[in-house]
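Peer 1: In case you want the letters, here they are:
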Amino acid sequence: MDFMAVQTEILILLLLLSTLVTDLAMAKGASRRPVAYLTAAGLAAILAHTCGLYHEGASPVFYMGLFLADNYALFFKQLFLLGMVFTVLFSLDYVERCLPHPGEFYSLLLSALLGMCVMASANDFLTAFTGLELMTVSFYILVGFRLSSADSGEAAVKYLIVGAGSTAVMLYGISLVYGAGGSLDFAAVSRNVHLFTAVGLAGVVLVMAGFLFKLSAIPFHMWAPDVYQGAPTPVTALLAMASKAAGIAVFMRVIFTAFPYLGEFMLPLLKTIAALSMIGGNLLAIRQTDVKRMLAYSSIAQAGYMMAGIVAADYFGMKAAMFYAMLYVFANIGAFAVLSVVDAERGGTSRRHVTGLSQAAPMLAAVMTISLLSMAGIPPTAGFAGKIYIFTATVERGNLWLAVIGFVMSMISVYYYLQVTKAMYRDLEPGEETLAEPLPVPSVARAAALVSAAATLAIGICPESLAVLTNFASQTFMQ
Amino acid sequence: MDFPLLSTVLLAPLAAALAICLLPRESRDQIRMIAAGTMTLATVLTLYAYAAYDTVEGGMQFTEEVPWITDLGVTYALGVDGISLPMLLLTDVIGLASVFSSWNIEKRTKDFFVLLMVLIAGVTGTFIARDLFIFLLCYEVVVIPIYIMVLIWGSTKRVPKEYAGIKLTIFLLMGSAFMLVGVVSLYIAAGGDSFGMEALAAAGQSGVLDENFQIFAFLLLLLGFGSLLSMFPFHSWSPDGYAGAPSAVSMIHAGVLKKIGGYGLIRLGLLVLPLGAKFWAPLIAALAMVNVLYAAYIAMVQKDLKYIIGYSSVSHMGYVLLGFAALNAVSITGAIANMVAHGIMASLFFSQIGYIYERTHLRSVPELAGLAHHLPRLTVGFMLAGLASVGLPGLIEFVPEFTIFVGTLSVYPVCAFLAIAGIIFTALYILRMLAKVLFGPRVERFAGVPDEQGADLVPLLLLGVFLVGFGLFPELLMGVIRSGVTPLEPLLAQLSAAPAMLGGGF
Numbered sequence: 055m056d057f058m059a060v061q062t063e064i065l066i067l068l069l070l071l072s073t074l075v076t077d078l079a080m081a082k083g084a085s086r087r088p089v090a091y092l093t094a095a096g097l098a099a100i101l102a103h104t105c106g107l108y109h110e111g112a113s114p115v116f117y118m119g120l121f122l123a124d125n126y127a128l129f130f131k132q133l134f135l136l137g138m139v140f141t142v143l144f145s146l147d148y149v150e151r152c153l154p155h156p157g158e159f160y161s162l163l164l165s166a167l168l169g170m171c172v173m174a175s176a177n178d179f180l181t182a183f184t185g186l187e188l189m190t191v192s193f194y195i196l197v198g199f200r201l202s203s204a205d206s207g208e209a210a211v212k213y214l215i216v217g218a219g220s221t222a223v224m225l226y227g228i229s230l231v232y233g234a235g236g237s238l239d240f241a242a243v244s245r246n247v248h249l250f251t252a253v254g255l256a257g258v259v260l261v262m263a264g265f266l267f268k269l270s271a272i273p274f275h276m277w278a279p280d281v282y283q284g285a286p287t288p289v290t291a292l293l294a295m296a297s298k299a300a301g302i303a304v305f306m307r308v309i310f311t312a313f314p315y316l317g318e319f320m321l322p323l324l325k326t327i328a329a330l331s332m333i334g335g336n337l338l339a340i341r342q343t344d345v346k347r348m349l350a351y352s353s354i355a356q357a358g359y360m361m362a363g364i365v366a367a368d369y370f371g372m373k374a375a376m377f378y379a380m381l382y383v384f385a386n387i388g389a390f391a392v393l394s395v396v397d398a399e400r401g402g403t404s405r406r407h408v409t410g411l412s413q414a415a416p417m418l419a420a421v422m423t424i425s426l427l428s429m430a431g432i433p434p435t436a437g438f439a440g441k442i443y444i445f446t447a448t449v450e451r452g453n454l455w456l457a458v459i460g461f462v463m464s465m466i467s468v469y470y471y472l473q474v475t476k477a478m479y480r481d482l483e484p485g486e487e488t489l490a491e492p493l494p495v496p497s498v499a500r501a502a503a504l505v506s507a508a509a510t511l512a513i514g515i516c517p518e519s520l521a522v523l524t525n526f527a528s529q530t531f532m533q
Numbered sequence: 053m054d055f056p057l058l059s060t061v062l063l064a065p066l067a068a069a070l071a072i073c074l075l076p077r078e079s080r081d082q083i084r085m086i087a088a089g090t091m092t093l094a095t096v097l098t099l100y101a102y103a104a105y106d107t108v109e110g111g112m113q114f115t116e117e118v119p120w121i122t123d124l125g126v127t128y129a130l131g132v133d134g135i136s137l138p139m140l141l142l143t144d145v146i147g148l149a150s151v152f153s154s155w156n157i158e159k160r161t162k163d164f165f166v167l168l169m170v171l172i173a174g175v176t177g178t179f180i181a182r183d184l185f186i187f188l189l190c191y192e193v194v195v196i197p198i199y200i201m202v203l204i205w206g207s208t209k210r211v212p213k214e215y216a217g218i219k220l221t222i223f224l225l226m227g228s229a230f231m232l233v234g235v236v237s238l239y240i241a242a243g244g245d246s247f248g249m250e251a252l253a254a255a256g257q258s259g260v261l262d263e264n265f266q267i268f269a270f271l272l273l274l275l276g277f278g279s280l281l282s283m284f285p286f287h288s289w290s291p292d293g294y295a296g297a298p299s300a301v302s303m304i305h306a307g308v309l310k311k312i313g314g315y316g317l318i319r320l321g322l323l324v325l326p327l328g329a330k331f332w333a334p335l336i337a338a339l340a341m342v343n344v345l346y347a348a349y350i351a352m353v354q355k356d357l358k359y360i361i362g363y364s365s366v367s368h369m370g371y372v373l374l375g376f377a378a379l380n381a382v383s384i385t386g387a388i389a390n391m392v393a394h395g396i397m398a399s400l401f402f403s404q405i406g407y408i409y410e411r412t413h414l415r416s417v418p419e420l421a422g423l424a425h426h427l428p429r430l431t432v433g434f435m436l437a438g439l440a441s442v443g444l445p446g447l448i449e450f451v452p453e454f455t456i457f458v459g460t461l462s463v464y465p466v467c468a469f470l471a472i473a474g475i476i477f478t479a480l481y482i483l484r485m486l487a488k489v490l491f492g493p494r495v496e497r498f499a500g501v502p503d504e505q506g507a508d509l510v511p512l513l514l515l516g517v518f519l520v521g522f523g524l525f526p527e528l529l530m531g532v533i534r535s536g537v538t539p540l541e542p543l544l545a546q547l548s549a550a551p552a553m554l555g556g557g558f
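Protein chains in written order, with the working numbering: chain A, 55 to 533; chain B, 53 to 558.
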């Protein structure tokens with residue numbers, strides 16, 4: 055057994071335990087900022103450590119190939135770590151002010167992170183399922199963490215019920231796949247011709263449905279808006295970027311290693327779902343007035359874009375989806391950092407609450423605009439390069455119609471993103487003067503927001519470096 | 053040439069935007085000085101390039117190339133030829149004028165000039181890019197600053213400025229969505245390894261792109277560039293948008309941004325997809341006629357000065373489209389020259405309207421009268437722009453329009469005839485407006501309005517010099533453009549020899 059293969063996970067687990075112990079050792083009622091700093095510093099150190107793990111040649115495996123620490127998994131782990139570090143940083147103030155038991159909050163974040171990392175590395179159905187459950191169960195609690203808020207409770211219960219349903223569906227699917235394929239190992243399943251029987255195909259469909267729930271792709275999206283809106287803002291951020299990216303990571307691995315010969319059956323279905331998600335997510339977002347809820351619908355559309363990359367079903371598509379997942383992380387950090395500050399200061403995240411932000415906190419308004427434009431795919435933000443990658447891959451495989459839908463819908467999405475910009479920048483009406491008063495912005499949150507906006511612009515103007523990394527990760531995956 | 057002249061012209065406004073970001077909000081004078089200084093530098097460099105451009109040799113000059121995104125085949129490639137150089141000059145001159153037209157903006161001055169600089173840099177980039185990716189990047193960069201500028205500094209008249217802003221943005225973005233699809237499929241069809249315009253043009257003209265694909269891709273580009281050029285029926289954003297926008301945005305938008313549409317049609321539509329251009333030319337000619345006549349007809353009944361000029365610009369773009377559709381060297385030379393001419397003229401108009409609106413908060417024709425008695429300099433500006441618009445010989449618009457008619461007459465005689473008739477409409481609404489606003493009896497309520505002086509005078513002087521200069525010495529403009537169009541002659545001759553595919557001539 056090569057314990058080096060699981061070193062990232064072990065480090066995260068150690069960090070998780072030390073946050074628990076630190077929290078216990080601290081006096082009741084004392085500020086839990088030290089726990090937050092410990093978490094952030096630990097995560098940053100792990101992130102730095104993982105940078106040295108990229109490798110050529112064979113990847114380390116753990117426990118008879120159940121767990122594979124390849125470059126592909128590493129890329130996604132770094133993505134989760136990055137998202138998590140920034141979330142901890144920008145939400146310091148929010149957590150202190152709005153959440154009870156901030157100590158446990160950080161422990162739960164870390165256990166969710168652990169689940170994601172296991173998902174990214176999972177090389178068989180059972181490991182994938184274990185990671186998925188660890189992540190999801192942590193999120194059930196995190197979503198309901200605002201104990202005083204009825205919305206938060208409602209969101210948690212909804213998420214629990216729908217999530218449990220999807221888990222059941224997926225587990226049933228896995229059992230069918232196991233029955234037909236005779237193994238839980240991705241590669242072994244792909245080699246078994248019995249997968250092409252009715253039982254096997256039914257299992258494949260159910261497994262896919264389970265993953266699509268996590269991606270909140272249409273028609274499996276119903277839980278997303280309420281959960282996103284009700285959850286504490288930093289948790290929503292993680293649901294949007296990290297949880298979704300974890301879903302994408304394991305989804306792509308399953309498609310490419312477990313079901314590579316099922317393209318004929320699966321791709322038309324996935325293309326339809328990608329198109330539906332792009333259309334539905336963007337159209338439903340138009341009517342939303344709560345920014346968090348709007349971002350929930352927008353994240354459905356974003357899942358559609360990433361799936362459009364995946365259904366190109368080749369190395370270019372995979373690379374495009376990975377590129378997009380990363381830039382989506384930065385866009386989300388920016389948007390949610392701003393929303394967390396606004397939520398903590400003004401007690402809400404509707405468009406009314408961000409009104410006048412261009413005068414109250416011009417920097418935040420600018421970061422918000424840049425982040426939203428990146429989601430919409432307007433240059434010079436990263437979203438533009440990401441969409442070009444995705445849709446060149448799509449067109450190359452002859453799916454021009456998908457690219458047409460993608461580009462048209464992303465231009466439609468500009469409309470609702472600009473509604474937020476409009477609220478922030480418009481002239482204040484009489485009676486709204488208080489909204490122009492300077493908003494106190496915690497310096498850490500300000501720094502996190504600025505860094506994410508800078509990264510969004512940097513990737514947009516010079517996508518080369520991230521493209522090289524995703525190229526490398528997807529190339530080594532395909533070998 | 054070692055000095056990166058074009059990069060300097062492109063990046064100077066961005067550097068200025070950054071510098072302005074770092075200044076405190078209160079130092080309004082420094083902010084204005086930085087903006088003006090940067091644009092002066094850019095204009096001087098462009099004028100130098102214009103003078104130093106070797107028209108005998110032709111082709112792309114002042115070229116720069118840096119590999120950019122290697123896995124997509126994107127190169128940071130800049131360069132100007134006889135087609136793009138006049139457009140670059142236009143951009144910088146109007147950019148400089150627009151800085152001075154915004155001299156008196158006191159509300160959030162810092163934000164305004166940051167956005168204005170980004171806007172100018174974006175427009176500059178589209179004209180000097182030799183790589184399609186860089187072209188698209190620069191083009192879409194400008195859309196959002198415009199929206200924010202309309203939102204904060206715009207004015208609500210017939211429609212709320214929020215509506216005007218979002219309408220303008222959505223039209224341009226929807227157009228660009230189709231354009232993006234066209235560009236991506238073009239990129240893949242040409243081999244998927246380069247976004248370079250020369251490489252794509254070579255693929256298009258050597259038969260790598262088959263005829264059906266060219267027809268399809270050209271339609272996508274036409275939707276994008278056509279809505280940018282306010283081609284009927286995608287024109288309705290233009291008058292509303294200009295009316296809602298602050299005058300600097302109207303100047304840049306009507307003066308140069310719109311021209312990206314015409315420039316793109318020639319640079320991409322014609323050079324990369326010649327068969328597509330040939331196929332759709334009759335349709336473009338027909339729509340151009342609608343532009344010329346219908347927009348002129350609407351302009352006649354407008355009351356708001358900005359709406360008149362807005363519809364007038366839609367009408368003038370019809371001439372550009374017509375020149376393009378005739379697909380011969382003469383008409384295309386005329387179309388490019390007409391874009392320059394209209395840019396200078398329209399931005400002069402908008403700057404003068406902006407001045408009078410700033411001082412009186414009036415821009416409706418019935419409310420204004422007899423301004424010539426009190427504001428002689430403003431009157432000069434209005435008269436120059438107005439008479440150029442009518443096509444008075446000796447001013448900038450005459451030669452380009454004439455060239456378009458000469459080039460079009462043999463291909464689409466009916467259209468050319470109707471377009472010439474359109475000038476009568478133009479004369480009608482322009483002269484009527486000038487007569488009402490400027491002349492007539494003295495009106496005492498305007499006695500206290502100060503005439504243009506200092507910074508306000510700069511747009512008039514600057515644009516006036518080009519308006520009269522290129523009018524009296526048209527060869528200065530036409531010579532450069534001809535050197536850009538001459539290399540296209542073999543291609544155009546080949547195209548006109550082929551039978552028309554859609555509808556035929558009419």
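Treat the hints as calculated values from the structure; they're not laboratory data.
Quick caveat: nothing in here was measured; it's all calculated off a predicted structure.
Note that the Cβ used here is the ideal one computed from N, Cα and C, for glycine as well.
Any given hint could be a false lead.
Estimated spans, in silico, between C-beta atoms of each pair [to be verified]:
#1 250(A) / 545(B): 43 to 49 Å
#2 215(B) / 95(A): 57 to 63 Å
#3 500(B) / 515(A): 45 to 51 Å
#4 73(B) / 71(A): 42 to 48 Å
#5 406(A) / 104(B): 54 to 60 Å
#6 541(B) / 512(A): 42 to 48 Å
#7 195(A) / 262(B): 28 to 34 Å
#8 491(A) / 92(B): 37 to 43 Å
#9 484(A) / 502(B): 27 to 33 Å
#10 288(B) / 340(A): 54 to 60 Å
#11 484(A) / 54(B): 55 to 61 Å
Peer 1: Take the hints in turn and mark each one as holding or not.
Peer 2: Hints, verified against the model:
no.: 1; hint: 250(A) / 545(B): 43 to 49 Å; verdict: violated, 60 Å
no.: 2; hint: 215(B) / 95(A): 57 to 63 Å; verdict: violated, 50 Å
no.: 3; hint: 500(B) / 515(A): 45 to 51 Å; verdict: holds, 50 Å
no.: 4; hint: 73(B) / 71(A): 42 to 48 Å; verdict: holds, 45 Å
no.: 5; hint: 406(A) / 104(B): 54 to 60 Å; verdict: holds, 57 Å
no.: 6; hint: 541(B) / 512(A): 42 to 48 Å; verdict: holds, 44 Å
no.: 7; hint: 195(A) / 262(B): 28 to 34 Å; verdict: violated, 59 Å
no.: 8; hint: 491(A) / 92(B): 37 to 43 Å; verdict: holds, 39 Å
no.: 9; hint: 484(A) / 502(B): 27 to 33 Å; verdict: holds, 31 Å
no.: 10; hint: 288(B) / 340(A): 54 to 60 Å; verdict: violated, 21 Å
no.: 11; hint: 484(A) / 54(B): 55 to 61 Å; verdict: holds, 59 Å
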